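There are 2 protein chains.
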Amino acid sequence: MKETYRELQQEVSKRGFGSCCHNLIEKLFFEAARVLSNSEKQDTVSKVLGKSYFTFARKYKSRPINEALYWEDRDNVAAVLRAILTGRRRTLEAEAITRGIYTVTMTCCAAIDVNSSGDKKTPGTIFEWLCAAIMTAALEVEPCRSLAVLNLDLETKLPTDFIFDLGREKPKFHLPVKTSTRERIIQVWAHQRVLDGVYGVGRFLAMPVILTETKLGSAKNEVVEICLPLQWRLYQMHIASLWNVCYLDAPSAYLSLDRKFPRVAVSTIGDMLAANGRLDELLEAHGLKPK
Amino acid sequence: MKETYRELQQEVSKRGFGSCCHNLIEKLFFEAARVLSNSEKQDTVSKVLGKSYFTFARKYKSRPINEALYWEDRDNVAAVLRAILTGRRRTLEAEAITRGIYTVTMTCCAAIDVNSSGDKKTPGTIFEWLCAAIMTAALEVEPCRSLAVLNLDLETKLPTDFIFDLGREKPKFHLPVKTSTRERIIQVWAHQRVLDGVYGVGRFLAMPVILTETKLGSAKNEVVEICLPLQWRLYQMHIASLWNVCYLDAPSAYLSLDRKFPRVAVSTIGDMLAANGRLDELLEAHGLKPK
Numbered sequence: 001m002k003e004t005y006r007e008l009q010q011e012v013s014k015r016g017f018g019s020c021c022h023n024l025i026e027k028l029f030f031e032a033a034r035v036l037s038n039s040e041k042q043d044t045v046s047k048v049l050g051k052s053y054f055t056f057a058r059k060y061k062s063r064p065i066n067e068a069l070y071w072e073d074r075d076n077v078a079a080v081l082r083a084i085l086t087g088r089r090r091t092l093e094a095e096a097i098t099r100g101i102y103t104v105t106m107t108c109c110a111a112i113d114v115n116s117s118g119d120k121k122t123p124g125t126i127f128e129w130l131c132a133a134i135m136t137a138a139l140e141v142e143p144c145r146s147l148a149v150l151n152l153d154l155e156t157k158l159p160t161d162f163i164f165d166l167g168r169e170k171p172k173f174h175l176p177v178k179t180s181t182r183e184r185i186i187q188v189w190a191h192q193r194v195l196d197g198v199y200g201v202g203r204f205l206a207m208p209v210i211l212t213e214t215k216l217g218s219a220k221n222e223v224v225e226i227c228l229p230l231q232w233r234l235y236q237m238h239i240a241s242l243w244n245v246c247y248l249d250a251p252s253a254y255l256s257l258d259r260k261f262p263r264v265a266v267s268t269i270g271d272m273l274a275a276n277g278r279l280d281e282l283l284e285a286h287g288l289k290p291k
Numbered sequence: 001m002k003e004t005y006r007e008l009q010q011e012v013s014k015r016g017f018g019s020c021c022h023n024l025i026e027k028l029f030f031e032a033a034r035v036l037s038n039s040e041k042q043d044t045v046s047k048v049l050g051k052s053y054f055t056f057a058r059k060y061k062s063r064p065i066n067e068a069l070y071w072e073d074r075d076n077v078a079a080v081l082r083a084i085l086t087g088r089r090r091t092l093e094a095e096a097i098t099r100g101i102y103t104v105t106m107t108c109c110a111a112i113d114v115n116s117s118g119d120k121k122t123p124g125t126i127f128e129w130l131c132a133a134i135m136t137a138a139l140e141v142e143p144c145r146s147l148a149v150l151n152l153d154l155e156t157k158l159p160t161d162f163i164f165d166l167g168r169e170k171p172k173f174h175l176p177v178k179t180s181t182r183e184r185i186i187q188v189w190a191h192q193r194v195l196d197g198v199y200g201v202g203r204f205l206a207m208p209v210i211l212t213e214t215k216l217g218s219a220k221n222e223v224v225e226i227c228l229p230l231q232w233r234l235y236q237m238h239i240a241s242l243w244n245v246c247y248l249d250a251p252s253a254y255l256s257l258d259r260k261f262p263r264v265a266v267s268t269i270g271d272m273l274a275a276n277g278r279l280d281e282l283l284e285a286h287g288l289k290p291k
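Keeping their order, the protein sequence lines are chains Z and F.
For the first sequence, counting from 1, position 158 maps to 158 in our numbering; every step adds exactly one.
For the second sequence, counting from 1, position 174 maps to 174 in our numbering; every step adds exactly one.
Just so you know, the hints here were simulated from the structure itself, not pulled from any lab data.
Just so you know, not all the hints are guaranteed correct.
To be verified - Calculated pairs, DSSO-like style, for lysine-lysine (alpha carbon to alpha carbon, straight line, at most 27 angstroms):
#1 K47(F) <-> K215(Z)
#2 K61(Z) <-> K121(F)
#3 K120(Z) <-> K61(F)
#4 K157(F) <-> K47(Z)
#5 K289(Z) <-> K172(Z)
#6 K121(Z) <-> K121(F)
#7 K220(Z) <-> K47(F)
#8 K61(Z) <-> K51(Z)
#9 K157(F) <-> K121(Z)
#10 K120(Z) <-> K157(F)
#11 K121(F) <-> K215(Z)
#12 K27(F) <-> K120(Z)
#13 K121(Z) <-> K59(F)
#14 K157(Z) <-> K260(F)
#15 K61(Z) <-> K220(F)
#16 K59(Z) <-> K59(F)
#17 K47(Z) <-> K215(F)
#18 K220(F) <-> K260(F)
#19 K61(Z) <-> K260(Z)
#20 K61(F) <-> K260(F)
#21 K2(Z) <-> K220(F)
#22 K260(Z) <-> K157(F)
#23 K120(F) <-> K121(Z)
#24 K260(F) <-> K120(Z)
#25 K157(Z) <-> K215(F)
#26 K121(Z) <-> K27(F)
#27 K51(Z) <-> K2(Z)
#28 K260(F) <-> K121(Z)
#29 K157(Z) <-> K61(Z)
#30 K120(F) <-> K120(Z)
#31 K41(Z) <-> K14(Z)
#32 K220(Z) <-> K220(F)
#33 K2(F) <-> K121(Z)
#34 K215(F) <-> K59(Z)
#35 K47(F) <-> K157(Z)
#36 K120(Z) <-> K220(F)
#37 K47(F) <-> K59(Z)
#38 K215(F) <-> K220(Z)
#39 K215(Z) <-> K120(F)
Remember, predicted model here, so these are calculated numbers, not experimental data.
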């Protein structure tokens, strides 16, 4: 995996998220799957209502994996991934999109987890690249990672998460990518506030993509999900408004905010990307109709 | 140190930051100093203009320590600490306050660093308790760690950093304590924004206390200081206004923001706490004149 990771790193920095990057992500996924086939699958005690989790164990235990979302059939997963990355996301069911992206991500993360203790950066970076590649395919534009600030005598570059700019007088997306957030999620609202302040409210649409909020307590082998829905509502009311929060393994405590007033829009990544999903709704509203 | 740490933990949770807590902090400091007297002092290559750093090394290397701020005379340090904790901060020079608090903090942190790799929580917690004890002495009121939110049909408790409430129609201080911040500092501005939104602008004064922004690159044994002054200015203009940012080892890139327009107020902890310093100025302006 290490060699492919390095190739992917070079490819992304040189040429971005095009077809060479797609091939390398697929290669990385199959290499990670091979690592896991030499690992032992172990049950956990799930404290998350209605969800079961397992881990892979080798030298170390992997992060917990949602059984219902994890697809054993690697070839099917690769086919779904390829469809998403080559602009055919609308041909897939929302659930297939979520499960496909979840399985690719978790396979890569778990394969790193089982061989190294405490490496959080590599899995996080792979997840970032995957999400950037998916959105590059969905929006047909490459992202940038900083914005110019011109504000009287203050002239600087603001480093940002991925920005997808659909052009003059069209939506601009801000895509923070996180493997989990807990109390650190407030950073996403704060960055949106800075973008609102510098460029005007409504100019950038924040669409954070988050893997999961679960955590394995190693002492008791218990999986817990850490959610702060009341804080989210305060952030949405008092800091800034996020356009839509996307999850791969969506906590029900956050999904329920999607149906409350005042609303925080939360969805699975499948409900975002499927035909007539949230992204299509928005694109249609701005005359960027899906083909 | 472990036993004293546990006693301190119990004392803080049961009785707060009174004289028993002071005694335990002093005990912890002398125990930490003993650990370090069995460690080797090593030079580093400082990339921070005008500052020299060393480390303590035993099983592991400690974080880098600013030579000019670190006081070898333990008894003197303990005397300064005791003066601050017993309400006699105004009898001390600003520099003595900064050096005293810096030495106590760094001694405790380094003593943990040299015996354990990757334990960031224990040093951070000790630093939090120390700062809370100092401010409890300075403001003569114990802190709380959450606030009630009553907002139409939304009723909840907002977890916060330390809050020092001087009473009805008097200043309320919000005291986030961090051993270093980098890009995570945006959380402090975001929390201030939530407090401004929920309770009204100007109701809470944010006074973050930060140890340092230095970092030891172990490969080259180099000490670097990571600062983002332009981002700080954007945060102060677009998210919320922090009352005063306090440092123990203040980066000059941030101190210079104190003299720019628009200003971000930044000072050493000594300049905050000394007689006629920033805290006294504020207390005086609100009729809470220093005795």
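Status of each hint after checking the structure:
The suggested pairing of K47(F) with K215(Z) is violated, with an alpha-carbon distance near 38 angstroms, which exceeds 27 angstroms. With a CA separation close to 22 angstroms, the supplied pair K61(Z) and K121(F) stays within the 27 angstroms bound. In summary, the hint linking K120(Z) to K61(F) is supported, as the alpha carbons are separated by about 22 angstroms, within the 27 angstroms threshold. Of the supplied pair hints, the one linking K157(F) and K47(Z) holds, its CA atoms being roughly 24 angstroms apart against a limit of 27 angstroms.
A distance of roughly 16 angstroms separates the Cα atoms of K289(Z) and K172(Z); the hinted pair therefore holds under the 27 angstroms criterion. Taken as a hint, the K121(Z) and K121(F) pair is honoured in the structure, with Cα atoms around 19 angstroms apart against an allowance of 27 angstroms. With a C-alpha separation of about 45 angstroms, the suggested pair K220(Z) and K47(F) falls outside the 27 angstroms cut-off, and the hint is violated. Restraint check for K61(Z) and K51(Z): satisfied, since their Cα atoms lie roughly 19 angstroms apart, inside the 27 angstroms limit.
Simply put, K157(F) and K121(Z) have alpha-carbon atoms about 33 angstroms apart, too far for the 27 angstroms limit, and the pair is violated. Annotation: proposed proximity of K120(Z) to K157(F) is violated, straight-line Cα distance about 31 angstroms (limit 27 angstroms). Between K121(F) and K215(Z) the CA atoms are separated by roughly 18 angstroms; this keeps the pair inside 27 angstroms, and the hint holds. For the hint pairing K27(F) with K120(Z), the CA-to-CA distance comes to about 36 angstroms; that exceeds 27 angstroms, so the pair is violated.
Distance restraint check for K121(Z) and K59(F): the Cα-Cα separation of roughly 25 angstroms lies within the 27 angstroms cut-off, and the hinted pair is therefore satisfied. Restraint check: the Cα-Cα separation between K157(Z) and K260(F) comes to about 19 angstroms, which is no more than 27 angstroms; the hinted pair holds. Between K61(Z) and K220(F), the direct Cα distance comes to roughly 32 angstroms. Violation of the 27 angstroms bound is thereby established for this hinted pair. This hinted pair checks out: K59(Z) and K59(F) have alpha carbons roughly 24 angstroms apart, not beyond 27 angstroms.
Straight-line distance between C-alpha atoms of K47(Z) and K215(F) comes to about 38 angstroms, which puts the hinted pair past the 27 angstroms bound. Under the criterion of a C-alpha separation no larger than 27 angstroms, the hint pairing K220(F) with K260(F) is inconsistent with the structure, at around 35 angstroms. For the suggested pair K61(Z) and K260(Z), the alpha carbons sit about 37 angstroms apart, so the restraint of at most 27 angstroms is broken. Distance check on the hinted pair: K61(F) and K260(F) sit about 37 angstroms apart at the alpha-carbon level, beyond 27 angstroms; violated.
Only pairs whose Cα atoms come within 27 angstroms are accepted, and K2(Z) paired with K220(F) is accepted, the gap being roughly 24 angstroms. Only pairs whose Cα atoms come within 27 angstroms are accepted, and K260(Z) paired with K157(F) is accepted, the gap being roughly 19 angstroms. Taking the CA atoms of K120(F) and K121(Z), the gap is about 17 angstroms. The hint holds against a cut of 27 angstroms. The hinted pair formed by K260(F) and K120(Z) fails the criterion: a straight-line CA distance of about 38 angstroms is larger than 27 angstroms.
Restraint check for K157(Z) and K215(F): the C-alpha separation of about 24 angstroms stays at or below 27 angstroms, so the hint holds. Distance check on the hinted pair: K121(Z) and K27(F) sit about 38 angstroms apart at the alpha-carbon level, beyond 27 angstroms; violated. For a cut-off of 27 angstroms, the pair hint linking K51(Z) to K2(Z) is broken: about 32 angstroms separates their Cα positions. Proposed proximity of K260(F) and K121(Z) is contradicted: the alpha carbons are some 36 angstroms apart, above 27 angstroms.
A threshold of 27 angstroms between alpha carbons decides the hint, and for K157(Z) with K61(Z) the separation of about 40 angstroms lies outside it, so the pair is violated. Simply put, K120(F) and K120(Z) have alpha-carbon atoms about 16 angstroms apart, close enough for the 27 angstroms limit, and the pair holds. Only pairs whose Cα atoms come within 27 angstroms are accepted, and K41(Z) paired with K14(Z) is rejected, the gap being roughly 37 angstroms. Simply put, K220(Z) and K220(F) have alpha-carbon atoms about 40 angstroms apart, too far for the 27 angstroms limit, and the pair is violated.
Taking the CA atoms of K2(F) and K121(Z), the gap is near 31 angstroms; set against the 27 angstroms cutoff, the hint is violated. Between K215(F) and K59(Z), the direct Cα distance comes to roughly 30 angstroms. Violation of the 27 angstroms bound is thereby established for this hinted pair. Between the alpha carbons of K47(F) and K157(Z) the distance comes to roughly 24 angstroms, so the proposed pair stays at or under 27 angstroms and holds. Between K120(Z) and K220(F) the alpha-carbon distance is near 23 angstroms, which keeps this suggested pair within the 27 angstroms criterion.
A C-alpha spacing of about 38 angstroms is found between K47(F) and K59(Z), which places the hinted pair above 27 angstroms, so the restraint is violated. Taking the CA atoms of K215(F) and K220(Z), the gap is near 35 angstroms; set against the 27 angstroms cutoff, the hint is violated. A threshold of 27 angstroms between alpha carbons decides the hint, and for K215(Z) with K120(F) the separation of about 19 angstroms falls inside it, so the pair holds.
Going down the numbered hints, you'll see the structure goes against 1, 7, 9, 10, 12, 15, 17, 18, 19, 20, 24, 26, 27, 28, 29, 31, 32, 33, 34, 37, 38, while the others check out.
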